[in-house]
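Work the whole structure out from these sequences, hints included.
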Amino acid sequence: MSRAVAETVLKGLERLWDRPPGFVGWLSAVNHKAVGTRYIVTAGIFFLLAGVQALVMRTQLAQPGLELLTPEQYNQLFTMHGATMMFLFAVPMMEGIGIYLIPLMTGARDMVFPRLNAFGYWVYLIAGTTLYIGFFFGHAPDAGWFNYPPFSGPAFSPGVGIDFWVTTITFIEVAALVAAVEILVTILKVRAAGMSMGRAPLFVWSQLIMAIMIIFAMPPLILASVMLGLDRMLGAHFFNVAAGGDPVLWQHLFWIFGHPEVYIILIPALGIVSAVITIFSRRPIIGYTPIVASMVAIGFLSFGLWVHHMFTVGLPIMGLNFFAAASMMIAIPSGVQIFCWMATVWKGRPIMAAPMLYVLGFVFIFVAGGLTGVMVASVPFDWQVHDSHFIVAHMHYVLVGGVVFPLLAGFHLWYPKITGYMLSERLSKVAFWLVFVGFNVTFFPLHELGFRGMPRRIYTYLPDLGWGNLNLLATASAFVLGIGFAVFAFNLFWSAARRRHAGADPWGGDTLEWATASPPAVYNFATLPVVRGRYPLWEPAGIGADGIEGLELYDPEEPHRYTLGTTIMDAEPQQRRPLPGPSIWPLALAVALAVAVIGSMMDLTLVPIGAALAFIAMVGWLMPPKPEDSP
Amino acid sequence: MFIPAVILAGLTAVTILTGARISIAAQDADGPTVEVIGHQFWWEARYPDAGVVTANEIHIPAGQATRLRLMSNDVIHSLWVPRLHGKLDLTPGRVGDLVLRPGEPGVYRGFCAEFCGAQHALMGLLIVAQPPDEFDAWLAEQARSAPAPVDPERARGLALFTRHDCHHCHLIRGGGTPDESQAMGPDLTHLSSRSTLGAVTVDNTSDNLARWIADPHRIKPGVLMPPTQLAPDELQALVRYLEGLP
Amino acid sequence: MNGGVLDVRKLPAHTTGIDAPEWWGIVGLVVIEAIVFTGAMASYFHLKVVNDAWPPAFIGEPELLLPTANTVILLLSTIPVWIGVRHMKRGNERTALIGLPIAMAMLVVFLSLKVYEYAGHDWGVSTHAYGSAVMLMTGLHMAHVGAVILKTAVIIQYIRSGRIEPRRPVPLEANAVYYYFVAGIWVPLYATIYLAPHLLP
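First to last, the protein sequences are chains A, B and C. Here the first sequence is numbered in the numbering used here, starting from 1 and rising by one per residue. Here the second sequence is numbered in the numbering used here, starting from 632 and rising by one per residue. Here the third sequence is numbered in the numbering used here, starting from 878 and rising by one per residue.
Hints listed in this document are in silico derivations from the structure and should not be mistaken for laboratory results. Every value quoted in this text rests on a predicted model; they were computed, and no experiment measured them. It cannot be assumed that every hint is accurate.
In silico SDA-like pairs for lysine to any residue, Cα to Cα no more than 20 Å straight-line [stated by the list, open to error]:
1. 429(A) / 486(A)
2. 626(A) / 969(C)
3. 991(C) / 895(C)
4. 626(A) / 1038(C)
5. 925(C) / 315(A)
6. 626(A) / 1047(C)
7. 626(A) / 970(C)
8. 347(A) / 335(A)
9. 887(C) / 347(A)
10. 33(A) / 421(A)
11. 966(C) / 895(C)
12. 626(A) / 913(C)
13. 626(A) / 915(C)
14. 33(A) / 578(A)
15. 925(C) / 429(A)
16. 33(A) / 503(A)
17. 887(C) / 578(A)
18. 925(C) / 316(A)
19. 626(A) / 1039(C)
20. 925(C) / 856(B)
21. 887(C) / 504(A)
22. 887(C) / 33(A)
23. 33(A) / 579(A)
24. 887(C) / 560(A)
25. 626(A) / 1042(C)
26. 966(C) / 624(A)
27. 626(A) / 889(C)
28. 626(A) / 895(C)
Okay, the calculated bits of chain A under chain B, using three or more residues with CB under 8 Å as the criterion [what the hints assert, rightly or not]:
29. 323–333
30. 378–387
31. 460–468
Glycine included, each C-beta is placed from N, C-alpha and C at the ideal position.
What follows is the structure, given as C-alpha cells:
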C-alpha cells in the first residue's frame, strides 16, 4: 500500500524504534501504542471491577430490607463505583484511546513527549492500584465519589479510607493532566505535512478539546483535595465551620471540576461517533465546521454549569437562574451535532455494521438522557428530583449512553486496527441487544422511583414505601446488562483466538490510521504521509490513490528517532523532531512521587523523602544528551 | 436549531417564574417557625416560641405557612418531603429557610436526601399537618414537663435511665434526671406521643422500644446510640417508664 | 510539496520559542499551576466573605515592609535570567553562567526572608481558616521557589557540561518560562495576602 520502501530501511526502522527486550525493557517502553494499550487494558479492568460493584449494589436493593451488605459496605461500594468509573475508567480510557490513535491519525511516528506519556501511565496505574489495595483490605473511602466535607473531614471520618481517596485521587489527576498536555502538544505540533487544523479528523479535534478542558478543570480538584488533606493531616480548617472554614467551598471547587468532567468524557465520545458515522455512511460528514464549533461551545459552556449540582444548597435564587439558563443552552450545540450526524446518515449509504449499531444505541439513549438533562436544569424541578433515583437514571442515561456506547462503537471500529483481527459480527450484535435492552430496563424504572421519593445513596428502604417491584425489575435487568458486557468481553478474546485477519483497512476508512498495517508497525509509517484533504484516504489526489508519498525521515548514517514537527495551524514542515527512546526514569519518577503523595497518609516525613527522590529522577530523565550524541 | 432554542428559552422563563413564585410565597409565612436541626441520623425539631423540643415527627398547622429554619449539628443533610416541597440542604454554619404550606391535614413522609453517613438510608421524618386548633393543643401538651413516675416499677425505670447514663444524650424535661443534655440524642420528654422509633424506622411499640434500647444496631446498624446491658426485668422497667412519657 | 518526496533533511532538529513543542508543554504546566493558585486565591476570598472578621482579630493585619521589599527582590531576579536566555540564543553562553547564579542567589534570599517572616508568627496552618488559606498560598509558592532554585542549579550544570548549548537552548528557555511564572504569580498572591487586608473592607 505504500511507496516501495527498501527492506533494509524497514529493518532499520524496526530496530531503531523497538524497545529493549525483557521485563526491564517492558517497564521502560515509551511507544504510544504500548502506552495506549496499557491505558485501555487497565481502564477496562477498572470498568469490570466497578461494574461488579454495581451489580452487588443492585442486588442489595432488589427488595426492601435485604441484608446482603452492611450499610458501611454499601457506602464503600457506591463510593468506589463512582470514583472508579469517573477517575479510573472514563478519563484514562478516553486518554488511552487518544494516545493510541492520535499519532496514527495525524501521521506521526509517536507522541511528542514519549517519556511523559509513559510517566502518566505509571502514575495512573500506581494510584488506581493503591486505591484498590485499600478497598480489598477494607479501607475503602465511604463518603461518595464527591467526598463532601465535613463528613469526609477529620471529625466525622477519622479512618484511613478517606486518606486513600485524598491521596490517590490527587495522584490520578496528575496522570490525567500529564496525558492532557501530551495530547494537546502532539496535536498542535506533530501532524502530517499538510494536515492543517481544518483537515484534522473530528476525533482528533475532540481529543484536542478534551485535553484543553482537562487542563482547566482538573486543577481545582487537586486544590480541593490538597485542602482536605491539610485539614485531615495538618489540622487545617478550610472546611471546619468552627474555625472559619466553609463546607460549601468544597462543593464549588469540586463541581467546577466535576461538571466539566462529564463533558471531558463526553466530547471524545462524540469524536468517536463522528468517526463511525463518516466511515459507515460512506461519505464525508455533513457539517464538519458546525460539529467542531459545537464541541468547542460545549467545552466552553460546561465551565459555567457547576452550580446546577448545588441547586439545593440554599444559594440565592437569582444566581441559580443564571446557571439554569446556561444548563439549558448546552442542549443547543448537542442538538446541532445530532442533526449533522442524522443528515450524514440520510445522505450517505449507511452500512449497519456493529459500530453503527452502537452509534444508533448512543443516539437513542443520549437523547433521552439529554431530555431529562433539560428537565433537571430547571431549578424548581431539580429541587424535587435532586439526589433522588431520578438523577441516578438521568446520569446513567447520559454517561452510559453518551460515553459507554460510543466507546463500544469505537472498540468495534478499531479492534481490527489494534489487534489485526476482525470481531465476530454475530457476537457483536448479540452483545448490543443485551446491553441496549438491559440498560434501558435497568435504568428507565429509576426515573419513576425518583418521582416516588426514593433518594440516592441508600443501602436499603422500608417495605411500606412500595418501591420493591420496580427495584426488583431494575436488578434483574442489570444482570442482563452484565451478561451483555460479558458477551462483548468474550468476543474480544474469542475473535483474537479465531484470527480472521483484518488487513490494513477492513472498513474502507478515511483517516490515516487505515493506511498502515494492522496492527501498526512500531514506527507507525515507513514513510510519513503528506495530506491534501480532510479525508486523505478518500481523496483522489490525496494519499490513497497511487500510494503514499511522503517522508522517510530515516538515515542509517544518523540513527535518531525522528518525527516531523509542523506548524500549529497549517502543518507546514518545521522540524525534524528527535524523540527520546525507552527509559526507566518515567517509572522511577512515578514511584518517587507516589512515595511523597500517597506516602503522606502514612507518615508526613515521606513527603520530603519522596520529593528528593523525584528530584533525582527528574534530573536523570530530563538530562539533555551530550553534544556529540545530539543531532 | 431555531425551534429548540425557542423551546429552551420558554423552559428557562417557566423556570425563573416558578422559582420566583416559590420564593415570594416563602416571604409571608403566617404560621409558626420551627428550627430543624440535622443530626447523624435523626431530626431535632425546636419550637422556640413554645419552648417545645421533639424529634423526627414535626407537627405543623395545615393551611398555614410554617417556616422551617434548617441547621446541622454535624455533617450536611438535606430535607425532602416529596409531597410538600423540594429539597433544601442543612449545612453546618448556614441556616436554610424552607416554608411548608400543606393544604390538607395528613402525615407526609420525608427523607434525608444528602448522603450523611452509615445510616443515611434510614433517616426518615414525618411532617404531621393538623388543623390549627389540634396543632395548638398538641403544642400546649408538648410544652408540659414530664410527670413524675406513678408507680415503683416506673420509678425504677427512671433510676435505671440515669444509672446507665442515658441522660448524657437524652433529655427528659422535668423527669428528675440531671440536665446534662448535649442533645446528642432525641429529647424523650414526650416519647410515647411519637408514632415511630429510630427516625421513622419502626413503629413505637413496647417490643420495638425494648429491642431498640437493648441493641439499636439490630434495627438500624451504624446508629450512634450504643447497646445497653440490662437484665430482662430492668429492661421492662425502663420501657414501662419511657412508655409513660405522654 | 508538489509531487514526489518532500525532502525534510534540511529542516532543523531543534526549534526555539513558540516553535518548540517543549515551550507548549511548559505553557501547559504553567496554565495548570496558575489555575491552582487562582483557586487558592478565590478560596481565600470565599472564606473572607463567609467570615465576619478576616483576618481574625487575634491575628491582625499583616506587616507590609519586609514582604514588599522581598517581592521586589523576587521580581528583579528575573532580569539576569532574561538576559542570560537572550545571550544564549545569540550564541553566548557565558552570560547565562553569570546571570543564573545571581538569580539563584536572589531566590535564596527571598526564600530565607519568607522563612524568617513566617517563623515570627504565632499562628499557622492549623490556627484558623485564615491561617490555613494564607499558609496554603505561601507554602505552595515557597515550594515552587525551592523547586526553581534546584532546577536552575541543574540548568547551570547542564550548560557547563555542554548539554545545553546555543544551538539547542530549549531546556534553558523552558526553565525561564517557568521562572517568570513563579515570579509573576507572586504578584497577585502578594496582593491577596498583604494588600487585600489593608485595602478591602
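Subject >> Satisfaction of hint between residue 504(A) and residue 887(C), Cα-Cα up to 20 Å >> reply: Roughly 32 Å between the alpha carbons, so the hint for residue 887(C) and residue 504(A) is violated.
**OP:** Take the C-alpha atoms of residue 887(C) and residue 33(A), compute the straight-line distance between them, and say whether it is at most 20 Å.
**Re:** Not OK: residue 887(C) and residue 33(A) at ~29 Å, beyond 20 Å, violated.
Original post:
Can the restraint linking residue 887(C) and residue 578(A) be considered satisfied, given a maximum Cα separation of 20 Å?
Top reply: 14 Å, holds
Subject >> Pair hint residue 33(A) and residue 578(A), alpha-carbon separation not exceeding 20 Å >> reply: 18 Å, holds
Original post:
Within 20 Å, alpha carbon to alpha carbon, are residue 626(A) and residue 895(C)?
Top reply: Judged against 20 Å, a Cα distance of about 24 Å means the pair is violated.
Original post:
residue 626(A) and residue 915(C): Cα distance at most 20 Å?
Top reply: 39 Å, violated
**OP:** Assess, step by step, whether the Cα of residue 33(A) is no farther than 20 Å from the Cα of residue 503(A), and give holds or violated.
**Re:** This hinted pair holds, its Cα atoms lying about 18 Å apart.
**OP:** Establish whether the coverage given for the segment 378–387 of chain A by chain B is satisfied; the threshold is a Cβ-Cβ distance below 8 Å, and no fewer than three residues must meet it.
**Re:** It holds: at least three residues are needed, and the segment 378–387 of chain A offers 9 whose Cβ sits within less than 8 Å of chain B.
**OP:** For the pair we were handed, residue 925(C) and residue 429(A), check the Cα-Cα distance against 20 Å.
**Re:** 58 Å, violated
**OP:** Verify the proposed pairing of residue 626(A) with residue 970(C), using a straight-line Cα cut of 20 Å.
**Re:** It holds: about 16 Å lies between the C-alpha atoms, which stays within 20 Å.
Original post:
For the pair supplied as a hint, residue 33(A) and residue 579(A), is the alpha-carbon distance within the 20 Å limit?
Top reply: 15 Å, holds
**OP:** Please work out if residue 429(A) and residue 486(A) have their alpha carbons no farther apart than 20 Å.
**Re:** Holds, at about 13 Å.
Checked against the numbered hints given earlier, this structure breaks hints 3, 9, 12, 13, 15, 20, 21, 22, 28; the rest are met.
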